[in-house]
Amino acid sequence: MDRFEELQQAVLSGSLSRRDVLKRAAALGLSAPAIAALLAACAREEATPTQAPAAATPAPGASPAATPTGAAEATPTEAAAGQRGQGGLLRLLWWQAPTILNGHLAQGTKDFDASRPVLEPLADIDKDGNLVPILAEEIPSLENGGLAEDGSSVTWKLKQGVVWSDGTPFTAKDVVFTWQYVVDEGTTATTAGNYLNIQSVEAVDDYTVKVTFKEPTAAWMGAFVGPYGYIVPEHVLKDYVGEQARNAPFNLNPIGTGPFKVREFRPGDVVIYEMNENYREPDKPFFSEVELKGGGDATSAARAAIQTGEVDFAWNLQVEAQVLKQLEETGVGQLGITPGVNVERILVNMTDPRTEVDGERSKLGVPHPWQSDLKVRQAYALLCRRDQIADQLYGPAGKATSNILVAPERFVSPNTKWEFNPDRAAQLLDEAGWTLGPDGVRQKDGVQMSIVYSTTINPVRQKTQEIVKAEFEKVGIKVELKSVEASVFFSSDAGNPDTAAHFYVDIEMFTNGPTLTYPIDYMISWWGDESNIAQKANNWGGSNYERWQNEEYDQLFEQARTELDPDKQVELFVRMNDLVIENVVVIPLVHRNDVQGYAKNLEGLELSGWTSNLWNIANWRRTG
Amino acid sequence: MSEATGRRVQPAAAPALSVEALAGLRTKKPRSLWSDAWRQFRHHRLAMAGSVVIIIIALATLIGPFLWPIRWNEFDMAQSMLPPSLDHPFGTTDLGHDIFARVLWGGRISIAVGVVAMLVAITLGTLIGAVAGYFGGFLDSALMRLTDLFISLPSLPLLLLVTYLFRDRMSATFGVELGMFILIVVVIGGLNWMPVARLVRASFLSIKEKEFIEAAHAIGVGTGSIIIKHILPNTLSPVIVAATLGVAQAIITESSLSFLGLGFPPDIPTWGRMLFDAKDWMSFAPWMVLFPGLAIFLTVLSINYVGDGLRDALDPRRMYT
Amino acid sequence: MTRYIIRRLLTAIPTLVAISMVIFTILALAPGDPLSEFAVNPSVPPEVRQRIRQSMGLDDPIPVRYTKWFTSILRGDFGYSFRSRSPVSDLMLQRLPTTLYVIGTAYLISVLLAIPIGVISAIRQYSIFDNIATTLAFIGFSLPTFFTGLLFILIFSVKLGWFPMIYRATIDEPGLRGLWLKVEQAIMPITVLALFQTAALTRYTRASMLETIHQDYVRTARAKGLSELTVISRHALRNALIPVVTIIALSIPGIFTGAVITEQIFRVPGMGSLLISAINDNDTPVIMAITIIFSALVVLFNLIADVLYGVLDPRIKYE
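Line order of the protein sequences matches chains W, D and V.
Counting from 1, one number per residue, gives the positions in the first sequence under full-length UniProt numbering.
Counting from 1, one number per residue, gives the positions in the second sequence under full-length UniProt numbering.
Counting from 1, one number per residue, gives the positions in the third sequence under full-length UniProt numbering.
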């Protein structure tokens, strides 16, 4: 903290140039959301403890990043632009169809995505987790005074001269309105979660907005950033706050500040956008028209983009590795792999799913007959062939991992490792007293080690289940596989026993990851507070599904909520990750990448795992 | 014009059946319907071929898994996506399963599901159609409105509901596999009897007005016997078609059920599921779709020919032509 | 006859009300969640999801929800979709033309093909024609549409590049070119569906023709010296049509609800894909609207079938 403050003082007093700050910050291994924008792309690698040697010398990429507002504009294709609307029609394919074009009422990623060419946040997030100003003039930081030193508020400077597509000027009032709109309970905004920690949003002047938090917060980038942060126009929506929100024509035909506006929208099928003549950058967008077609399945979407070239871009190709490989070999298009933020994981139930106590199974305080023993859990982890799962099933779409927190880079723990070792696993199980019975199944005191392994219905997941099951059964753990329809598995319906939150099985598998670049919202998944444990008392509304409680973790988590010192932040998150891994609460399997398919002549894409694929669609262009 | 013709010539058909019906009264030991049918059936070459193929497939799936050295759930990633060879006559899957072993094992489930679910649908449909068509009036009205209801039910939410309500209970009572089997055949049968009911009812409406039925009434044959012995055999044609198509449908439907979580555990292969899982590999590993597809096709085609043969054999008029 | 029809139409009303109650209950009890995609998303906390469920009325008691729905239906209002917040009737009207065009054409083609093929198959039983038709029918029926659809895409879109694999309902090009684009993109889905439908219908036609063709009155008609064509079309076929009419009447309402899998494969924005995505998202107003119209069509076409039975066989009495 002190060194950081010193640096900051030096900047404020003008005794150091920004570039010097960068060099020193990097040399110190400093990196914080507070200076994220300042450091932009360059500081990423250096700041990571795992790559300490590189930290001594700033990467060549450091210089462009020295201009804080540079990132969005500094794309290589920019020089060649200057041809608004020259590109004709751009065809996009989403295998889920958008149903609403107001991101705040989104029912899925598809809706965030389909809103993005029209609606814009103050800042968006690049692939490394750095904020990029969109409607903001610059990213708030301690250095530019945007962030309060105690973390109690953040002040955004807005771009001037921006107009809505209907010609009305965009001002700070719209940002204030967006907050009011989202937090109104009657609006029932999907995005409300990111605004719950805000006390007030005020327009300091037409182009300055001050966000004050209820308590000091390190995760100040929840509101107005990325897919959850689209700014909506006050003059269009002012009569549609609260229960009226659902009746707004805006939901189907939004007015935005983005490069496109909606010409035709058929919910569940297609959106056709046309160029927004009022877009602030006179030479953009390159395409005069965009068609976003929805529906179908991921494999045929991959065919259309890679094999036949019928579309220019296809979203989220969750296709099995070998199919993808074959398609790419025969195709006219290419695959774009973006580092993702999600981890496919197996959750280990700490409570007993078979015993019902007070109308509830997997009840807190009723320990699992064998999974409450660390040795058994360690054996489970040793039996997962993560490399085989990653290589054979995910291919370019994932790599084996030993961490639950895999992004942003600076928070990734260097301390963990994974191994596949059935002999050691068998030994651990023996040590725990679970020995092979006459029927080849391990048992102890007459209880058989027979588990149920549940996940959603998805070919890759079913194959993962099969690989895991094969190894478990080889050492004498009987496994019954179960697959549940995704909308049931992820249902919040308290009456349904098949949901992930009920966790009425021994182990279950799904994917998850952070949405904030300060991933406190994600680490809540292991916070042991009673209110956060998924259980009957809260209608299974808690996010701690494993029912794992650990005092050290809870302290770290509570500290991390308000910690502003970047070094300490890293320490806290790495330790939290390590605790979860050491205790084998979760067995991370695969760090997933985002895979898209697109035409070889499509340029300017800067796909990011943190936000919509279309976040910089203004910069997309076609060559040749 | 043609009705008139129909009415005039119809009595000619009646004696043939009435003779049958009254056969029991004769002193001379008569040829029974079934022995006649068997004689006819034996001479039906395609039907015999069909029976032989079905028996071979059924035996292969019953005995095959014990003879074939590779087990259906064994896999070896190093052996993935191999084309057919001596070691793997049907090739291997993307995970390295032996497809031959899986086709054999999956056939047990698929054939059992197909045939039993079809029987459930046909029995239900025939029962409801026969009662509605024969008795008419309020009973007809009520049963047909029930049919309308079942046709209208959106199957997806219904299946999810059934899964939710009964899956765990059935697994607990009958064990995972048998429990699932019962649930699946009841669900498939319970959602497919409606066309059969409508078909049977339509035939009943038409046949019960014919002269030979009047004749049967006149000589005091009981209601049950009229329905079963006199009308039902005349409605068999469409029912047999519905039955053969029903087997194919049930085999395919089973695979789609597993995508709702209402099926056998995900690692158990069935023909329908193998076909579905392999579809994305169709262009570079065609054997993955070819063999399960062929298995379904051969089974259904054979059942059809057996059905054809049965129908011809059971049609008393055909004997004299 | 007229009185019979009127009576049937009157009983249709309580029937439909009962059907709607059963369907509504099933929907309300079936598990699922409109926001399942965000279940583990840290930015969409459980309380936000809960609030959204409540705003959709998903937590109200079933009778309350049903009464709300029923009273608005009486006013002719299908309500608003939970997901897109647009009127359900708009959504259906957007889908209807495409559905009728693609699915309707496929049904029409299958009827036009299946009846002659079935008749010829029956007349020339076990001829080469019959055996080929039988084999093809069973290929058509044992291969599910997800399979044939994909096969068509691989051959005609990927290999040959003849037809597009993505259906667009928004083509607005004028003139013959626009027309061709509309026809071209519908060829594969129509063929896939027609293949499947024809396969089944051919079997029914053939079976019932076989049944009547050996009836004595047909032989008599022939003996009277009537031409073969007259014998077949006026005597045999007419009586054979009862099962065929039954099957066709059962499948016509299906034109309205579309063909879920085929629509999915070719991305045809039809009623089927609207229904399936509504089901996946617990969008009750949309599901109810589509299924209730479907039930009305089922009831109507079963009535039409019953009336037609009387036309085909005048001895059938209306009670």
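No lab work stands behind these hints, which were simulated from the structure alone.
In this text the structure is predicted, and so the values were computed from the model without any measurement.
Do not rely on the hints blindly, as some may be mistaken.
Said to hold, decoys possible - Straight-line alpha carbon distances no greater than 30 Å define the calculated BS3-like cross-link-like pairs of lysine-lysine that follow:
#, chain 1, residue 1, chain 2, residue 2
1, V, 159, V, 182
2, W, 159, W, 173
3, W, 238, W, 325
4, W, 363, W, 214
5, W, 238, W, 127
6, W, 375, W, 238
7, V, 159, W, 600
8, D, 279, V, 182
9, W, 444, W, 325
10, W, 600, D, 229
11, W, 478, W, 127
12, W, 399, W, 363
13, W, 399, W, 417
14, W, 478, W, 568
15, W, 399, D, 279
16, W, 444, W, 363
17, W, 238, W, 214
18, W, 363, W, 173
19, V, 68, W, 238
20, W, 363, W, 127
21, W, 399, W, 444
22, W, 210, W, 173
23, D, 229, V, 317
24, W, 399, W, 375
25, V, 317, D, 279
26, W, 600, V, 68
27, W, 325, D, 279
28, W, 375, W, 474
29, W, 325, V, 182
30, W, 568, W, 399
To be verified - Now the in silico label distances, taken between C-beta atoms and shown as ranges:
#, chain 1, residue 1, chain 2, residue 2, range
31, D, 78, W, 430, 46 to 54 Å
32, D, 80, V, 108, 29 to 37 Å
33, W, 447, D, 173, 53 to 61 Å
34, W, 161, D, 80, 33 to 41 Å
35, D, 182, V, 182, 41 to 49 Å
36, V, 77, D, 284, 28 to 36 Å
37, V, 128, D, 83, 51 to 59 Å
38, V, 108, W, 334, 38 to 46 Å
39, W, 447, D, 168, 45 to 53 Å
40, W, 562, D, 78, 48 to 56 Å
Beta carbons: idealized from backbone N, C-alpha and C, even for Gly.
Please name the hints from earlier in the document that this structure breaks, with their numbers sorted from lowest to highest. 3, 4, 5, 6, 9, 10, 11, 12, 14, 18, 20, 21, 25, 26, 29, 31, 32, 33, 34, 36, 37 and 39
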